[in-house]
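**Student:** Once you've looked at the hints, dock chains P, Y, Z, E, U, V and A with the ligands against the given chain H.
So the protein lines, in turn, are chains H, P, Y, Z, E, U, V and A.
Under the numbering used here, the residues of the first sequence are numbered 2 to 74, in order.
Under the numbering used here, the residues of the second sequence are numbered 2 to 74, in order.
Under the numbering used here, the residues of the third sequence are numbered 3 to 250, in order.
Under the numbering used here, the residues of the fourth sequence are numbered 3 to 250, in order.
Under the numbering used here, the residues of the fifth sequence are numbered 42 to 394, in order.
Under the numbering used here, the residues of the sixth sequence are numbered 42 to 394, in order.
Under the numbering used here, the residues of the seventh sequence are numbered 11 to 199, in order.
Under the numbering used here, the residues of the eighth sequence are numbered 11 to 199, in order.
No lab work stands behind these hints: they were computed from the structure.
Ideal Cβ placement from N, Cα and C applies to all residues, glycine included.
Covered, in the sense of this in silico footprint (three residues per stretch, anywhere, with C-beta under 8 Å from a C-beta of chain U), are these stretches of chain E:
| id | region |
| --- | --- |
| 1 | 129 to 139 |
| 2 | 161 to 171 |
| 3 | 358 to 369 |
No more than 27 Å apart at the CA atoms, straight line, and that leaves these computed lysine-lysine pairs for DSS-like:
| id | chain 1 | residue 1 | chain 2 | residue 2 |
| --- | --- | --- | --- | --- |
| 4 | U | K265 | E | K384 |
| 5 | Z | K244 | Y | K158 |
| 6 | V | K90 | U | K384 |
| 7 | E | K44 | A | K163 |
| 8 | P | K29 | Y | K9 |
| 9 | E | K245 | Y | K9 |
| 10 | P | K41 | V | K111 |
| 11 | Y | K194 | E | K245 |
| 12 | E | K245 | Y | K198 |
| 13 | V | K150 | V | K90 |
| 14 | Y | K11 | P | K41 |
| 15 | U | K86 | U | K44 |
| 16 | Z | K247 | Z | K204 |
| 17 | E | K334 | U | K363 |
| 18 | E | K44 | A | K155 |
| 19 | U | K279 | U | K223 |
| 20 | A | K181 | A | K150 |
| 21 | Y | K204 | E | K86 |
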Amino acid sequence: MAKARGRVIFEEDLCKGCGLCVSVCPTKIISLDNSTINAKGYHPAIVIEMDKCIGCANCAMMCPDVVITVERY
Amino acid sequence: MAKARGRVIFEEDLCKGCGLCVSVCPTKIISLDNSTINAKGYHPAIVIEMDKCIGCANCAMMCPDVVITVERY
Amino acid sequence: MTVVFEKTKGLTDVQTHYCPGCTHGIVHRLVGEALEELGVLDKAIGVAPVGCAVLAYNYFNCDMHEAAHGRAPAVATGIKRVRPENFVFTYQGDGDLASIGTAEIVHVAHRGEKISTIFINNAIYGMTGGQMAPTTLIGQKATTAPLGRDEAHSGKPIKMSELLATIDGAKFVERVTVTTPGHVRKAKKAIKECFKLQIEGKGFGIVEVLSTCPTNWGLTPEESLRWLEENMIPYYPLGSFKRPKEDD
Amino acid sequence: MTVVFEKTKGLTDVQTHYCPGCTHGIVHRLVGEALEELGVLDKAIGVAPVGCAVLAYNYFNCDMHEAAHGRAPAVATGIKRVRPENFVFTYQGDGDLASIGTAEIVHVAHRGEKISTIFINNAIYGMTGGQMAPTTLIGQKATTAPLGRDEAHSGKPIKMSELLATIDGAKFVERVTVTTPGHVRKAKKAIKECFKLQIEGKGFGIVEVLSTCPTNWGLTPEESLRWLEENMIPYYPLGSFKRPKEDD
Amino acid sequence: MRKVLMKGNEAIGAAAIEAGCKYFFGYPITPQSELPEYMARELPKIGGVFLQAESEIAAINMVYGAAGSGVRVMTSSSSPGMALKQEGISYMAGAELPCVIVNIMRGGPGLGGIQPSQTDYFQATRGGGNGDYRLVVLAPADVQELVDLIIEGFDIADQYRNPVMILGDGMIGQMMEPVEFKEPKKRDLPEKDWATTGTEGKRKPNIINSLYLAPEELEKHNIKLQAKYREIKEKEVKVQSYNIEDGDVVIAAYGTTSRIVKTAISQLEREGYKVGLIRPITLWPYPYEEFQKINDECKGILTVEMNNGQMIDDVKIAVEGKYPVYFYGRTGGMVPTPDEIVKKVKEIHGGEI
Amino acid sequence: MRKVLMKGNEAIGAAAIEAGCKYFFGYPITPQSELPEYMARELPKIGGVFLQAESEIAAINMVYGAAGSGVRVMTSSSSPGMALKQEGISYMAGAELPCVIVNIMRGGPGLGGIQPSQTDYFQATRGGGNGDYRLVVLAPADVQELVDLIIEGFDIADQYRNPVMILGDGMIGQMMEPVEFKEPKKRDLPEKDWATTGTEGKRKPNIINSLYLAPEELEKHNIKLQAKYREIKEKEVKVQSYNIEDGDVVIAAYGTTSRIVKTAISQLEREGYKVGLIRPITLWPYPYEEFQKINDECKGILTVEMNNGQMIDDVKIAVEGKYPVYFYGRTGGMVPTPDEIVKKVKEIHGGEI
Amino acid sequence: MEERIMIAGFGGQGVMAIGQILTYAGMIEDKNVSWLPSYGPEMRGGTANCGVIISNEPVGSPVVVNSTSAIIMNKPSLDKFEKFVNKGGKLFVNSSLIEAKSERDDIDVYYIPANEIANELGNSRVANMVMLGAYLEATKAIGMKSIEEGFVKVFGEERAHLLPINKEALKKGGEFVREQKKFLETKSY
Amino acid sequence: MEERIMIAGFGGQGVMAIGQILTYAGMIEDKNVSWLPSYGPEMRGGTANCGVIISNEPVGSPVVVNSTSAIIMNKPSLDKFEKFVNKGGKLFVNSSLIEAKSERDDIDVYYIPANEIANELGNSRVANMVMLGAYLEATKAIGMKSIEEGFVKVFGEERAHLLPINKEALKKGGEFVREQKKFLETKSY
Ligand SMILES: Cc1ncc(C[n+]2csc(CCOP(=O)(O)OP(=O)(O)O)c2C)c(N)n1
Ligand SMILES: Cc1ncc(C[n+]2csc(CCOP(=O)(O)OP(=O)(O)O)c2C)c(N)n1
Ligand code: SF4
Ligand code: SF4
Ligand code: SF4
Ligand code: SF4
Ligand code: SF4
Ligand code: SF4
Ligand SMILES: [Mg+2]
Ligand SMILES: [Mg+2]
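This is chain H alone, in the form it adopts within the complex (with noise of 0.2 Å):
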């Protein structure tokens, strides 16, 4: 497997939970957390293996609420 390129930080409390950065994350590492819900009462987008992170930025494309950050190494 690819070595991991990128890192993703959600400001959780932002998110809605709409999904969006799931459907287009290449890698498939993002999901809803259906676990826990924010302040605004939603389950939030969370990345289990950070480290299959490509750095691509498609999820924070896509998100409405400008909760993600993206950086690459």
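**Tutor:** Chains P, Y, Z, E, U, V and A with the ligands in isolation, oriented as in the chain H frame:
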């Protein structure tokens, strides 16, 4: 000279003396009568040489005030 | 002897208030003739605008409804939706239709209302004394454009027929003029065809008539016709912009 | 390590009131980024519409002016004529721009006002709860078209970009969408080009963005993107309708 | 007919249909959109037409056209949208066309808010449009009365050839209450022989118009309108009143506010206060005479409105300085509570203000 | 400065320019079109902007934008056009933006006619738009006063961040009289630090707005507006009065009508009658207090208007039933003659009505 | 002194202009003045009139009802305004266009063939100035110098070159009245 | 008898619906009733509440201020409406979403884990009906048959097939309260 084939009747009191009929008569037989002022205060259009009228209705076609009736023989 | 031309029953006997040589009068006659010849005078309801034609309700020999400035298409919509079997037309100037009433004319086309519009484009606000219209030509003087219309300030004149033709519900769009007997005959043909469209229930139709305003142009009636031909026609090309398609 | 994406300074830190997954948010971000990247944030004055974006004045990080429903282009005109050196944009929905505000958008184009408009076409009245817009598709349900829009009753949806492109003063007209990261990038490019037009003083520019309304479409955010692609794009083709000509 | 539970906005639609109204032209705006939505569902079923206009202005002008062609027709909006209809309303009043216009008011000014308010009283009763004209303005206090007034409103409009306005607030539009559809008292309604329906070759053309270029004619037209307004003033005043012959304080309130006042009055009565109520049902024509019946010992009139004081002008005109006139109002969507009113009444009673 | 003869409509333009107004957005309508035409000629010369809007609605919203960006700006119209501006005016009042709006009234309702009238008094003083808002309404009686009030009007607008309306009739717009341009009394005007001018990176963004979705906030905003209106009521009432301490009859009239009344009063004085006059110059705030000064023996107040009776409401509110209130009006462009007024006063004097 | 002058005719006959000139001239002579136009319902060719007040006192009502003088350019205006001339007042009738005679015998009536005189001067458009000249001669209300200044004010410097022919017209109107005055003076009523 | 019930929560939690069902049911039982909604400023996900009045007397103010009962579905609503419950009144708290406890000791408070109960029933959307069931059990204000009729009125015949699961939710809510009631009865205040 061609035999007259048309006749035009002007409802003089409706004429506003705009001269549009004058300008389109192919036989140049219409003029504005500077010697009369009609009820509306205008010099009305008149035809002097009616026998030259060819009944083409150009005058009627251009009259904005529907002053003219055209007959043909 | 045959009468080859007499006054149509489509007009009343009231003398118009139009200025001498103003071609509003010619267009009135053509509309009256078309209504008569198509046999719809008895079921016609006309909508008069606010503009020089504001008194049109006195001239057309059918039921008439006066509208607020620019709103004739909305009024006509109200009438036609209630009485789809009647023949409904509006008669509007360029200030009325292309300025304050832009939304109403666009949306009557957008909805494909089955009404017909006669649009008198004289490149000026006639009734109120010669202010600039959206259709006033570049360089043309108006009381609110004393040095002539300036593109940098006011843009280029708007071409309503071209604009409306982009809308699907507008099924008949044609621009004509009445500067010569020949043009008058063509204008009449266009008006009749446009009216037929409504009779056949096909959608919205509009005939734009390039018209004169000798008074506010500061020209004689005859000069006005020439000015129109030399200045307006080159910018506002005559012709058909849209006819109903086979499947309309 | 490099930050390849972070929140633009063009937006404030206020969280938006938009529904989850509503693409209004994406477009806000693109506008904010464009303002920042073009260096006009400090001299920008935005005009917020009446529509779901009514609170946009809280989100864009520049001076903001709220307008009455449909009148944003007129408000923007007032601002730009007073402050030609400022950067003035409107952000409007389809009810706002294509329905009640038709006259205002047409005439801002007609005069060639040097402003930029972002037009959010989501084929519905979002804010008021899903009524039919002039852009609602045939068959699409809305609370005021409970059986779906019917052409015979309401006509076919209006295509504002095509209509505005006929107007000379509209120098930049492009339709984009934001359904995929690729489309988002193209949308951003269009918005930046459109804004540049104003910076260069060339005339009126508009970017129509096909956008979703998951709430009133009754779909999930993701379903909404697909519905848009499958239904809206075929009717509202993406692409450039007008770019400034050499001599503009 | 059995009672049904209905939301005010939908009840308006049902009542209009009951009254034979088959045409509705409107434009969405909160808090009245349930009405056009109801009409969109129901009118097609009865062969009527619902049309969403491109704007409030277009809507009122469509109503103008439809009314001119002789049918019962309705439009509705809320405050900012109603501001846009003013020119069209003035035209309809000028051309003497009947119709029913519904304003479900929200807080202002400007875009304001979307919560209930009574802030367009002046606009409704004095005319926000140009010229001397009057609308018959009906202010229902509950959904049943709303239904009754809509049905009667169409009759009033037809009888006098005049637009009728239903002035409700967001509360009455949004709330649900049980309603019954009752036949209104029959009125002798004139033929609409003035309507533009096409001559059918059977009569002279009809003209719907409000333009009179000669001032003599426009004045004549105005005199005719004023005569009609006088007749309406004589015949159509509606008011409910209560305890005004012996109330120590009399409250004037209309619409849903009057219900809050009633609750306050009950509370005051329980505490031993005598408080009267004048509830105008017609805001124009205004029930000025009713105020003559107030007892001489009354310590003051309290006007309660969900605005900053508009009907208070009419109350002052009515009482002619005979009693002090006080005001209590909440605005912007805030609704006065019975307690607040109780407190105010006690202050007046105690001579504290 | 030397006197010049000017048509009222043009004098408005000249006065506005004198007051530093460089922006005008308007739409043609008789009888005020000379004003936009004047501005079209003059503003470009001083680096200002005249723009003919596509409609009255666009015009008022352009004014809204221009005022929001911090400059002095004007629009004008006549009755039906003014009806269309109501929503925009309500927005400006709600957003607290200064501007001067001119209404050169003509006969109504609807399209009405093009001759002088005073038929939009209600609309101007009570607001034809939605919500509780007030315009400062100035009613000049001659062209000189028109000029003075325009110039002061801009100051008032800026001082209170509120739209000011100049309410004239077709007569004052069309007539020519000599005028002089005088410096108004200096006012301490606040900085327009709220304007949208671009932040220049130097401050937080400014927001021009009338929306407050939370009712608590909208109420707070309304309370603030009302406080401002109270201040205006305290400080800005303008009225001219005459013989009210001993007039047997007092006439209330404003604008050009008051001049006709003055001629009538002179005539009556020559015949030995004592007749007073109250001429409100501000129609809002209304000079209610002035009516307190009327002598107790006065037989009645005659309100004279070119309408069917609108200011009469304010007169009734002012006199609180102390004197009978009579009305004389002509409408539709008809102008009352001094003789008609003389006759009416004699009737009141003789107790005939 | 208070002159209340009604000037009436068809639109296009220049009635508004002579009213304005008079008003300017009055102002130049430090009088209180007002000019109030009124247009008929027609757009063009309809009737138009204006009322001018020139007074030592501040002007009250600017509406001229009972006029001290009336300058009447067409028949409909004669019918409308003749009756409102004050007893002892002056009525100036453009006899080129009005055949009818006044029915009043309590006022001075001057019949001036203004169009003919103007045509003689070679410009039919100055008929209005002929009438104004007549008025000035008969009333002496305003000095000729002020009128000339007023003319330039109304028509602007650009059209100042038209002043000579207009002065000529004023003069001819005055002359005509002097003739008629002689005649009137012999009349007794 | 006069029940003034405040029902409050997030938009989407079905607070409006249970208010309407109650109101219908009250009407069916020939009471005077009113239902008044209020929405927060947010478009979606904001707070929403409705006030229901069920009374033997005609309904005066439809605004529920001092409530006899309150059904509270989220924390912000607890903060807002807890204090307005009449002394001796009843407060129903959705303890699935609200951790806090009521600070009132002069009213009956019921904590119902409505979402959990609903999830157990296999449909999280019926949490509102659980709360309604609790209310009905505690107050006995309205009969269950009327509530069922009301349900069909509100949701229409098309959604009548959802009635069984909703009935189940009502029942579970009721049962939960019966348990808690027993506990409450032992409490003395
Ligand atoms: C709401 C409103 N605004 C303005 C006017 C004044 N007005 C009357 S006609 C007109 C314009 C007429 O121009 P156009 O439509 O081109 O018609 P034309 O006179 O040239 O035939 C205007 C602005 C009005 N009556 N109502
Ligand atoms: C004059 C006026 N009319 C109507 C409204 C109500 N209203 C608010 S937003 C809106 C439509 C919004 O739709 P759109 O412009 O498509 O924006 P979206 O919410 O879809 O983004 C309407 C009709 C209003 N506020 N003002
Ligand atoms: S940056 Fe790309 S890979 Fe990483 S989480 Fe986002 S979409 Fe997935
Ligand atoms: S797109 Fe943004 S708001 Fe939506 S789930 Fe992902 S992070 Fe949350
Ligand atoms: S019919 Fe023809 S020839 Fe005869 S007068 Fe008319 S234009 Fe001339
Ligand atoms: S065209 Fe008609 S109105 Fe004009 S001069 Fe000829 S007849 Fe007269
Ligand atoms: S003003 Fe112009 S458009 Fe109007 S009638 Fe006269 S010439 Fe015709
Ligand atoms: S209603 Fe629609 S457009 Fe508005 S915020 Fe929600 S999803 Fe977006
Ligand atoms: Mg025109
Ligand atoms: Mg939308």
